[in-house]
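What follows is the residue order along each chain.
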Amino acid sequence: MMSVRYLPLWITAALLCLLFGIGGWQFDGFASLAVVSNLFSDNAFLLIVALGMTLVIISGGIDLSVGAVIALSGVAVSLLISQYQWHPLLAFALILPVAALFGALMGVLIHVYKLQPFIVTLAGMFLARGLATTLSEESVAIDHSFYDAIAEFGFVLPGGGWVGASTMIFIVLLLLVIVLMHYSRFGTYVYALGGNSQSAELMGVPVARTTIAIYVLSSVLAALAGIVFTFYTFSGYALAGVGMELDAIAAVVIGGTLLTGGSGFVIGTVLGVLLMGVIQTYIIFDGSLSSWWTKIVIGLLLFGFIVLQKVLSRRTALTTAAGGTAHG
Amino acid sequence: MTTPSLVLELKQVCKHFPGVKALQDVDLRLFAGEVHALLGENGAGKSTLVKVMTGALAKSSGDIYFNGQNCSFASPAAAQQAGISTVYQEVNLLPNLSVAQNLFLGHEPRRFGLIQHQKMQQQAQQLLLRFKLNIDVSAPLAQYSVAVQQLIAIARGVAMSAKVLVLDEPTASLDSSEVQMLFDVMRQLREQGVAIVFITHFLDQVYQISDRITVLRNGSKVGEYLAADLPRARLIEAMLGKELQQLTHQAATTTPAVAEPLLVLNNIAVKGSISGISLTVAQGQAVGLAGLLGSGRTEVCRAVYGVDVLSQGEIQFGGKTLRLQQPADAIKAGIALCPEERKTEGIIGPLSIRENIMLARQARRGWWRYLPVKQQQQLAAFYIDKLHIATPDADKPIEQLSGGNQQKVILARWLAINPQLLILDEPTRGIDIGAHAEILLLIKSLCQQGMSLLVTSSELEELVAFAAKVVVLRDWQKVTELSGDTMTAPHIMQAIAEG
Amino acid sequence: MKQTQSCADSLQQARLARYSPGSIKTSARYLWPLAALMLLLAVNLVLDASFFQLSFQDGRLYGSLIDILNRSAPVALLAIGMSLVIATGGIDLSVGAVMAIAGAVCANLLLQTELPLVLVIAAGLATGIAAGLINGILVSYLKIQPIVATLLLMVAGRGVAQLINQGQIVTFQRPDFAWLGTGSWLGLPLPIWLVIGMFALSQLLLRRTALGLFIEAVGCNATASRYLGINDKAIKLFVYAFAGFCAALAGMISAADIQGSDANNAGLWLELDAILAVVIGGAVLSGGRFSLLLSVIGVLIIQSLSTTIIVSGLPAKFNLLIKALVVLLVLLLQSDKFRRQLSSWLRLRPQGAEL
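Protein chains in written order, with the working numbering: chain A, 1 to 328; chain B, 1001 to 1499; chain C, 2001 to 2355.
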């Protein structure tokens, strides 16, 4: 018997396979390891951001600042490397704690001052974007031997696929987050907060610590995504990642996570990002379809999944009620 | 039999909210290995007492001794740590987590910092077997019936090695076989020396399981009794507040003998709630609905007002059959309701008294024909004056008024549209004594002016004072209907108690 | 005896409550945003003595103040609609995308048909209302959270606008339509007149009828409102349609301004500015009282702030940073806990707090 919980996950996976199958049947070279590995390496930064977003949304919050944090970390890292001649690793070591502090600030505003996550992270978005623009309005190019080494790091898959540093970083992070969410107390607390924060508090969940940690994690992952983005573009730009928070949120929803919190899987989000990527790839391969169809199709997908979630949650409620009366 | 030891003792505990004394010098003694029923009507202070006892609310004054030591818990978590676990009426677990996760949240078995799911599930399985529950503990809690969830909540309390287990209305949503299952577990725990506080409004259950009873009324302790020594009638007296002998038979307000029926409920039912209720309210008649908390009083009011849609039966009003889908339909027909939950369903807190008074009339006029501000002011001034609403001006947010004055504003709201039938659900609940008397007088005068009323109240002598007849409800069903000479508080109490 | 005692108590209570801070709130609501706006303008005056100077050329006023007003116009229109949505406890993320759709519809009609101006405008507005109705149905009848419901149109709407424009920037040569964005009347640029007109009309519609009160009632307590006979679902539907209408008008102004429709950039991120303006105007995101005037003042504060930064000689790149800091401050001031901390730090306990 398949649990209702996994149904959105299965639907996303099925859609992904279906679209991939159609693409492979229609176009030569679509169903190849090269396309698959490109899906990962082109979307590595989005995948990393979406991991953090999944955590935040499962806990019942939202983080609109991640796109701006990507830009901020990209610009800061590029400046440190190009202008101040820091070693990239040293620059990373500085920017990640700064991002953690940034996330902690938002978490404190949300938990201690009882402000809505939506508006707090919106202000955070302006702050990060503002800091990035203040640092540099122009795109800052990176020219460092470390980056050349990163670009060449990786191995070839049969059939022309390439697993690069970005993909590997993502896979390591994915495994870490899965372990965190399903094998640590913290992960259970995240689900608990999203289920019902009052009950969670009554059951002894450390709400303050958990809330702050969630936003710290999201910001740190966004900063990491910003670093990975510089691997991809060899530059940092204050207007990078505009609107990426929306892509991340869309991927989380398509991946079957409830926007009201409490239920969802990290792996679903990965499928969501991949599905959005396959749609894009399909449209590129087709050539006659215009790029705006991506947005429209993603919008329709979102609608479909939200309605599906409504129906599912109503059905669960009904079966519970029926179970309550039918019992004995 | 050895004398049981005192586990938890509350002395002279008070809890004040702004403007309300929720608890006044309450004492409570809890011994190891007993089931102690905590009884009282709605608003008597039971849940406040539980919250103070378990650290969810801070006491205003008084002392709490736990195992002989004076202590006060800063949070429910702290109380739980010490060994006091609470299971609330609405299951306070996390429906999205698995049964095992719920049982062990924050105490999961770990190795190298990682949760051992397998071990946790085995332990959960074993724990639940003690409660004769053999279920899949890896499934989400939401999949199980409320009864099972309730048992799981209790199991969690026990797993936290509770010395005191507080069960706040655990049986409200259980059927009889489930209740027996719960009682078996409670007896088993009692054997093990756990002290259980049992809150319920089902008196049968009190006598089945409890050893000792403490009754609260209006925030004060009425008394502590041994269950075996306390006859049911005396218990109801203690809860409802008047000695039977003292209650004199008051004649009901005489109503015209040949009044047309205005409201006729014909065998109505609501899914998952009341069933088979029939009653009539005549033109200009006041009908009382009596019954303990949870008997279906509020549910009948909601059905007549169109909040809950009927699954069966019909409502006739003024000779016509009403098909109510929403309160607006009922209002259009001439029915109004003062809800029991004043704060969440009655007042619109941040809006002014004036706006709260005029809104119902405005809603009936529609949005386009705005009542001129001057008329609004006159309307508000008229009712502030007439109902003695204590306020310096009409533009104050209603949330700043006391409960009694808020209730008067809601009454004024309905008087302003002059409904044919006014439903009053616990109109005097949580209201200070002064306003209490005024509201009663007002209800009487409305009745004399020919408005039909349907009133629920747990104050029986109030009902007897102005109702032409009283319909007694128990367990979501109508038990009997009393009028004329038989309509006395003792008779009603008897009906409530025995059916 | 006991009764008279408690009667006296409740009177006493009422008398005390009269002097509690709550009763002065209404006028204080206007005080802070207005003071902030005045302060900003004063700073501008100090920085640039000619700040308040107006000149009259070719039948139109020019000057920094007029500039601020003119540039605020699209966001001000959005903020008027957003105020109502937020008053019901909702939020509308899609207004920026709706601006783009309305602009695209008008631009294509102007380019491809010979329709009279009135019909083009009507078509643009109808588009906005239709978009708003979609949001409203999702929120009130399908009971989807407002953030999620309007996120759909925010994502898909821009795609729809690009679809209408076939991915091009559609430009048109129609002086009569362009007049909406660049023309002037009685010395003031037309966008300012449109905001004034929309503001006055909305004010009439909301405050001369019971609509405004119903919206506030639903925002404060939807259950109680339904219990006293207000159709809360219809009210919610209306506010989203109204926000869509305002967004369409704003979209047409920006299209007229550049004489073309750019589906990618028209109205981009303006929904966030509009939400901020409403919040700076003192509205609570969980719903309740609204004031269109305060929201418009909020817009003017945001716009004056950017002007101040330019006038002060600071590079424009500080714009966002300063905006973010101002927003954070405003948010903190809205938090009860922060205000309590602040007053205990300043040891300035409001009088009567001990009562």
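One or more hints might be untrue.
[Stated by the list, open to error] One-sided and incomplete, this derived list gives chain C residues near chain B with beta-carbon spacing under 10 Å: (1) 2032; (2) 2035; (3) 2055; (4) 2208; (5) 2213; (6) 2214; (7) 2216; (8) 2217; (9) 2221; (10) 2226; (11) 2227; (12) 2285; (13) 2288; (14) 2291.
[Said to hold, decoys possible] With a straight-line Cα cutoff of 35 Å, these simulated DSBU-like cross-link-like pairs (lysine-lysine) come out: (15) 1332(B) x 1343(B); (16) 1343(B) x 114(A); (17) 2143(C) x 1011(B); (18) 1444(B) x 310(A); (19) 1396(B) x 1444(B); (20) 1320(B) x 1271(B); (21) 1271(B) x 2143(C); (22) 2337(C) x 1343(B); (23) 1343(B) x 2233(C); (24) 114(A) x 1444(B); (25) 1271(B) x 2337(C); (26) 114(A) x 2143(C); (27) 1374(B) x 1332(B); (28) 1320(B) x 2143(C); (29) 1396(B) x 2143(C); (30) 2233(C) x 1332(B); (31) 2143(C) x 1343(B); (32) 1396(B) x 114(A); (33) 1374(B) x 2337(C); (34) 2233(C) x 1320(B); (35) 1396(B) x 2337(C); (36) 2317(C) x 310(A); (37) 2337(C) x 114(A); (38) 2233(C) x 1021(B); (39) 310(A) x 2143(C); (40) 310(A) x 1374(B).
Just so you know, these hints were derived from the structure itself, not from any lab.
All residues carry an ideal CB built from backbone N, CA and C; glycine is no exception.
Evaluated hints:
{"no.": "1", "hint": "2032", "verdict": "violated, 18 Å"}
{"no.": "2", "hint": "2035", "verdict": "violated, 23 Å"}
{"no.": "3", "hint": "2055", "verdict": "violated, 43 Å"}
{"no.": "4", "hint": "2208", "verdict": "holds, 6 Å"}
{"no.": "5", "hint": "2213", "verdict": "holds, 6 Å"}
{"no.": "6", "hint": "2214", "verdict": "holds, 6 Å"}
{"no.": "7", "hint": "2216", "verdict": "holds, 7 Å"}
{"no.": "8", "hint": "2217", "verdict": "holds, 5 Å"}
{"no.": "9", "hint": "2221", "verdict": "holds, 5 Å"}
{"no.": "10", "hint": "2226", "verdict": "holds, 6 Å"}
{"no.": "11", "hint": "2227", "verdict": "holds, 5 Å"}
{"no.": "12", "hint": "2285", "verdict": "violated, 14 Å"}
{"no.": "13", "hint": "2288", "verdict": "holds, 5 Å"}
{"no.": "14", "hint": "2291", "verdict": "violated, 13 Å"}
{"no.": "15", "hint": "1332(B) x 1343(B)", "verdict": "holds, 24 Å"}
{"no.": "16", "hint": "1343(B) x 114(A)", "verdict": "holds, 22 Å"}
{"no.": "17", "hint": "2143(C) x 1011(B)", "verdict": "violated, 49 Å"}
{"no.": "18", "hint": "1444(B) x 310(A)", "verdict": "violated, 48 Å"}
{"no.": "19", "hint": "1396(B) x 1444(B)", "verdict": "holds, 28 Å"}
{"no.": "20", "hint": "1320(B) x 1271(B)", "verdict": "holds, 23 Å"}
{"no.": "21", "hint": "1271(B) x 2143(C)", "verdict": "holds, 22 Å"}
{"no.": "22", "hint": "2337(C) x 1343(B)", "verdict": "holds, 23 Å"}
{"no.": "23", "hint": "1343(B) x 2233(C)", "verdict": "holds, 21 Å"}
{"no.": "24", "hint": "114(A) x 1444(B)", "verdict": "violated, 46 Å"}
{"no.": "25", "hint": "1271(B) x 2337(C)", "verdict": "violated, 44 Å"}
{"no.": "26", "hint": "114(A) x 2143(C)", "verdict": "holds, 25 Å"}
{"no.": "27", "hint": "1374(B) x 1332(B)", "verdict": "holds, 25 Å"}
{"no.": "28", "hint": "1320(B) x 2143(C)", "verdict": "holds, 33 Å"}
{"no.": "29", "hint": "1396(B) x 2143(C)", "verdict": "holds, 33 Å"}
{"no.": "30", "hint": "2233(C) x 1332(B)", "verdict": "holds, 18 Å"}
{"no.": "31", "hint": "2143(C) x 1343(B)", "verdict": "holds, 23 Å"}
{"no.": "32", "hint": "1396(B) x 114(A)", "verdict": "holds, 26 Å"}
{"no.": "33", "hint": "1374(B) x 2337(C)", "verdict": "violated, 39 Å"}
{"no.": "34", "hint": "2233(C) x 1320(B)", "verdict": "holds, 27 Å"}
{"no.": "35", "hint": "1396(B) x 2337(C)", "verdict": "holds, 24 Å"}
{"no.": "36", "hint": "2317(C) x 310(A)", "verdict": "violated, 44 Å"}
{"no.": "37", "hint": "2337(C) x 114(A)", "verdict": "holds, 8 Å"}
{"no.": "38", "hint": "2233(C) x 1021(B)", "verdict": "violated, 39 Å"}
{"no.": "39", "hint": "310(A) x 2143(C)", "verdict": "holds, 9 Å"}
{"no.": "40", "hint": "310(A) x 1374(B)", "verdict": "violated, 46 Å"}
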